[in-house]
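Please model the entire structure based on the sequences and the hints provided.
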Amino acid sequence: MRKIRLNVQWIVLVCIFLIIGCAGQRIGKPKLLATGFTFPEGPALDKDGNLYLVNFRATMIHKVSPDGMVSVVVDVGAFNNGAIFDKKGNLFIASSGLKAILKLDRAGKLSVATAISEGDSLLGPNDFAWDEEGRLYFTDPRSSGKNNLIGGIHYIDVERDGKTRKFAGGLSYPNGIAFDLDKTHLYVSETGSDRLLRFEVNPDGSAGTKEVFFELPEGSVPDGMKLDVEGNLWVAVNSLGEIWCFSPEGKKIDSIALPSKLVTNLTFGGKDMRTLYVTAPEDWVSNTGKVFTIRMPVAGVQVIPE
Numbered sequence: 140m141r142k143i144r145l146n147v148q149w150i151v152l153v154c155i156f157l158i159i160g161c162a163g164q165r166i167g168k169p170k171l172l173a174t175g176f177t178f179p180e181g182p183a184l185d186k187d188g189n190l191y192l193v194n195f196r197a198t199m200i201h202k203v204s205p206d207g208m209v210s211v212v213v214d215v216g217a218f219n220n221g222a223i224f225d226k227k228g229n230l231f232i233a234s235s236g237l238k239a240i241l242k243l244d245r246a247g248k249l250s251v252a253t254a255i256s257e258g259d260s261l262l263g264p265n266d267f268a269w270d271e272e273g274r275l276y277f278t279d280p281r282s283s284g285k286n287n288l289i290g291g292i293h294y295i296d297v298e299r300d301g302k303t304r305k306f307a308g309g310l311s312y313p314n315g316i317a318f319d320l321d322k323t324h325l326y327v328s329e330t331g332s333d334r335l336l337r338f339e340v341n342p343d344g345s346a347g348t349k350e351v352f353f354e355l356p357e358g359s360v361p362d363g364m365k366l367d368v369e370g371n372l373w374v375a376v377n378s379l380g381e382i383w384c385f386s387p388e389g390k391k392i393d394s395i396a397l398p399s400k401l402v403t404n405l406t407f408g409g410k411d412m413r414t415l416y417v418t419a420p421e422d423w424v425s426n427t428g429k430v431f432t433i434r435m436p437v438a439g440v441q442v443i444p445e
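Counting with this note's numbering, you get residues 140 to 445 for the letters of the sequence shown.
The set of hints was computed from the structure by calculation and includes no laboratory data.
There is no bait here: all hints are sound.
Distance condition first, Cα-Cα at most 30 Å in a straight line; then the derived DSS-like pairs of lysine-lysine: (1) 186 with 322; (2) 170 with 390; (3) 227 with 186; (4) 202 with 226; (5) 202 with 410; (6) 305 with 242; (7) 227 with 429; (8) 322 with 302; (9) 170 with 202; (10) 410 with 322; (11) 226 with 242; (12) 186 with 302; (13) 227 with 302; (14) 242 with 202; (15) 238 with 429; (16) 322 with 242; (17) 186 with 226; (18) 238 with 400; (19) 429 with 186.
This is the structure in structure tokens:
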């Protein structure tokens with residue numbers, strides 16, 4: 140009888156441990172980090188944990204410290220959509236207003252990294268992703284849509300010749316962009332068609348075959364995206380004020396509702412890479428846009444190349 144009682148107690152303890160463990164792995168509630176932005180976009184973390192973001196309608200790049208203090212880094216003087224750091228600490232900015240990729244170096248000097256791809260002017264860049272070869276990929280969607288399939292994807296060969304090359308064209312507002320775990324496929328939000336695309340990436344950086352990864356309901360407006368270490372894709376679904384998670388097989392497996400009308404972009408950070416930073420406007424014009432943090436059950440993939 141005593142042995143049976145001990146076995147029962149052991150089973151109960153194991154069950155309690157599993158329940159607590161599983162509960163500890165749930166997605167946390169969104170916490171407000173900072174507010175007062177006019178359509179915040181393009182979150183990018185430096186190596187000290189400061190969050191840089193694009194204040195789109197106000198033409199400024201802001202820095203948000205880990206404790207939520209906000210400061211202006213630079214006023215570009217034109218609308219901007221995305222930002223990303225390189226391994227040297229330079230900040231690349233997708234300036235849709237200037238139709239160029241800008242580079243802000245560590246000394247605060249702002250310069251044009253590129254405004255032309257293979258002889259053609261850029262339309263208005265939006266978002267970024269690095270590959271492992273030092274190539275910086277970016278979407279270029281401005282003025283494109285379902286009835287104007289001129290949107291493209293390009294890359295700057297930063298580590299080699301510095302030239303900008305075209306990766307893909309004929310797209311309906313290509314927006315968020317992210318590589319899969321082994322960097323052999325590139326995910327893209329085709330916002331104008333409310334779908335996610337996946338491109339094969341050849342060893343030389345050029346595009347292989349293209350496929351539709353997931354079709355969202357009309358008017359969803361898929362936006363920025365990031366990958367976690369399990370290969371799942373987290374996508375800001377702008378007009379729904381939500382973040383959706385997709386498995387590598389293209390199945391929707393989770394979602395997060397934000398206390399905001401819109402969600403534009405996201406990035407993983409923190410010492411364990413399990414804090415999700417989310418940019419969330421209330422509308423296009425007011426200075427009520429916010430940045431939230433969410434503790435995640437899984438770590439994100441580092442976006443700055445090693």
